[in-house]
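Undergrad: Residue strings, one per chain:
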Amino acid sequence: MTDNNELIRLSAAALAEKLAAREITAVEVTQAYLDRIAAVDGKVHAFLHVNADEALAVAAEVDAIRAAGGAAAEELHVLAGVPIAVKDLIVTIGQPTTAGSKILEGWHSPYDATVVERLRAAKMPILGKTNLDEFAMGSSTEHSAYGPTRNPWDLDRIPGGSGGGSAAAVAAFEAPLALGTDTGGSIRQPGAVTGTVGVKPTYGGVSRYGAIAMASSLDQIGPVSRTVLDSALLHQVIGGHDPRDSTSLPDPLEDLVAAARTGHVEGMKIGIIKELHGEGYQAGVENRFNESLELLKAAGAEIVEVSCPNFKYALGAYYLIMPSEASSNLAKFDGVRYGLRVLPEHGPMTIERVMGATRAAGFGDEVKRRIILGTYALSAGYYDAYYGSAQKVRTLIQRDFDAAFAKADVLISPTAPTTAFKLGEKLNDPLAMYLNDVATIPANMAGVPGLSLPGGLADEDGLPVGIQLLAPARQDARLYRVGAVLESLLEAQWGGPLLDKAPSLTAPSLSDSSPAASTAGAASSHGGSH
Amino acid sequence: MAAINRDDVAHLAQLAHIEMSAEELDRMAGELAVIVDSVKSVSEAAGDDVPATSHPIPLTNVFREDVVGHTFTAEQSLSGAPDAYEGRFKVPAILDED
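Protein sequences, first through last, are from chains A and B. Mind the numbering: the first sequence is residues 1 to 530 in the working numbering, read in order. Mind the numbering: the second sequence is residues 1 to 98 in the working numbering, read in order.
Selected chain A positions facing chain B (Cβ under 7 Å, derived; list incomplete):
#	residue
1	P110
2	A317
3	Y338
4	P348
5	R359
6	K368
7	I371
8	R394
9	T395
10	A446
Distance condition first, Cα-Cα at most 30 Å in a straight line; then the derived DSSO-like pairs of lysine-lysine:
#	chain 1	residue 1	chain 2	residue 2
11	A	K274	B	K40
12	B	K40	A	K426
13	A	K426	A	K368
None of these hints come from the bench; they were simulated from the model. All of these numbers come straight from a predicted model, not from anything done at the bench. Glycine is no exception: its CB is placed at the ideal position from the N, C-alpha and C atoms.
Chain A with its partners taken away, still in its complex shape (with noise of 0.2 Å):
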């Protein structure tokens, strides 16, 4: 028998196999998470609300199921029995959604997003649901109106965001996987900081109905795992075509499993981005960076330079794209439909002043900052300067990667280029907190898909950093390939996985006693069963 701090620690992958091979249960393994959830969760905060009840029933029928044997049993997915969390931005049957605001606080949304949909078919536990920017407007989980989520690495550290639920439960050992959403890094950089691995698929790659929008034309669901082929797994369950998203593409869904289990790098050309890395970057981030090249050049790829001139604009476009998109967006949260209503004070009680009050009491800062400013870069006598120049700088990025890509196979960066800061160092800098996202949101610009795993400890910190791989748009596989390959040569060197380095969280320690972590117990009984 595993006892649970063993089970816990398990890989996905690892999980499904002593499942399949009937060594443990579903019930133990998703009772271990749900008491891990409740001995640290006070502290770390990744979650918003707790499923127990639903997530041990699945985890029962599995186990009856493959019980009693038969074509039902072999039937199972690989991955069913194994629990998961879900970023709170993602709509659920029979929990609530908040997309961490006070304007959906106790929401349920009457039908499951496709993904969560997928979870159910392959029987898959849901842990709960996870803590996140508001809207998934942030890249440090701060602005979550439920309060943070923090760093298991160090609790007065910002686990990224926006997906900083998600990251944290992860490398908390709260949950063997989860979903995330990307719309410039928000599973990537959380993933970064938390020495977590997080995918960003190709857009279009994974069905977005029933993500709550915040830019269409960028936002990405994608998985949140500890290893490389964890990823694979998930990104195969929620994969592939869906006729309810417009955007889906049509192709069939390539062999991510198989490519993450055969990787490889002999003889593969990966680029350097040369407007990557370098000045603006943490130097332990730069040092870990180096070392991964100089392994992937061991193990036999050819490492190029190229230049992507472009990218220096992404970030101004960005700002310019996602508030526009998210302004048109939110409108729909007008206090009639669903969500809060509030009455203005005094005055008529007209449609519109309960809007504004509405929205002025549901909404935080950050959410109306982006909302005020997309508003503005779509007004008339704006437009074209703001909106259309941006929109016109896609295309320059896409040339750019285009460009990139025909020479190298895959491009390189470090995720982030810092490791993770404390909580409330960046809260009242909005600029300095969009800088988080600088490497990451050339990916959402253009479409194409981006990993990030674990590249080992910043020495002046000793905090994670990210290391970001990037395909062209449908080679998602080529990731995988790349990622499990860097993945098990770093591991080499470690002697095992990066997170073994990470606190346990249960030991006795100065910082169980710190007032800052006793307030993210209280707020962390939001909404929860647990």
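Mind docking chain B on chain A? Use the hints.
TA: Okay, now just chain B, sitting in the frame of chain A:
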């Protein structure tokens, strides 16, 4: 391009249906001025010959069969509404009249 000022923000907030206090307008105007200034260079990046990209991977003629698909019951549709009456959304007055 003109800088963004407090009056602009007040007008935009009205267009976006977000009530803002005087203090909020002051703060927002300051923050947005910095952000707008930092994104200005975008307008100089591309010439007239560069076409705009609205979607990263364009698909054309995405249609489905013209048949009734999944529909929600009135009860499901109204389940999240702040106010409803006889199977309909109940909306505050549209016009500012008695």
